[in-house]
Amino acid sequence: MPVDAASTTPNGVPRPGGAGRLAGRTVSRVGFGAMQLERLHADRAAAVALLRRAVDLGIDHVDTAHFYGNGFVNAVIREAFGPRDEVLVVSKVGADPDPGARIPLRPAQRPEQLRASVEANLAGLGLEQIPVVNLRRLDTGPGLRAEGDQVVAIEDQLATMTALRDEGKIGAIGLSSVTADGLRRALPAGIACVQNAYSLLARDDEDMLALCAAEQIAWVPFFPLGSAFPGLPKVTDEPAVRAAAESLDCTPAQVGLAWLLRHAPHVLLIPGTADPDHLAANTAAGSLVLDEATLAALDAVPSRPLRMALG
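The letter at position 153 of the sequence shown is residue 153 when you use the working numbering, and the numbering goes up by one with no holes.
Worth double-checking, as some hints may not be accurate.
Within a straight-line C-alpha distance of at most 20 Å, the following computed DMTMM-like cross-link-like pairs (lysine to aspartate or glutamate) qualify [said to hold, decoys possible]: (1) Lys-234 <-> Asp-204; (2) Lys-169 <-> Asp-204; (3) Lys-169 <-> Glu-112; (4) Lys-169 <-> Glu-86; (5) Lys-169 <-> Asp-96; (6) Lys-169 <-> Glu-246; (7) Lys-234 <-> Glu-206; (8) Lys-234 <-> Asp-299; (9) Lys-169 <-> Asp-149; (10) Lys-234 <-> Glu-215.
Because the hints were derived from the structure by calculation, they are not lab data.
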């Protein structure tokens, strides 16, 4: 039988997890979150090699930000990818680097700061247009919260993002750490994707997941396996996940990622790592088959109240 063209990259490599849609483009459902590349700051060649390995594995959706490593990660992406790779690069704005601080970020929510952040991303990535830029809201945790003049109405922010799209500097607008009310208010602007904390154990946003499906908006969860933040459960510690991993002869992390892919067809994953073996394992999760009994056992795991954990 002929191979579905969407299931492979333009270079003929199977897309891990199959094909998904983001901002009108076909991409691999298992992508790559580049934040952890800053751990390779002392070995730039290894960082570039890891990104090249991602392309070899069929990944063509990479998530980044200028504030990852204070520009280092964007510079590595610029070096690693060329036009022929056809990698969809997604960046984000809403915070700026703050080197030396306890949290090396500072809020950058004001419209003029959003514009400056887009310009910094363009320069660092060496692009004339960033295909998708996510507006990172600071309404919910963990991490930074907006205070004082950093508390900005989403409509004012979207006016700037829409202007940048009209100018051709960004191709599409996404949202990150957004509330349900914020998403509904943003819909008229045209939203390509939503990045919220979401996993098997943290399904607070199920209604938003359904809304995104109805609006053909990609759902791109961060913390797909939980987090080291206090109060956030880890998917890999869940007994049902560990039992499934033993039964399927795979890792608990692969089970957690595979469940997300099976849970809804508009889910796109961006697990991150600085290790080639871990990258290969994350990619292989896209091929993991969960039988009905395993899926039922995982679906029965109760969701933890994430918003209470975040405070």
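Worksheet item: Hint by hint, which ones does the structure fall short of?
Response: Violated: hints 2, 6, 9 and 10.
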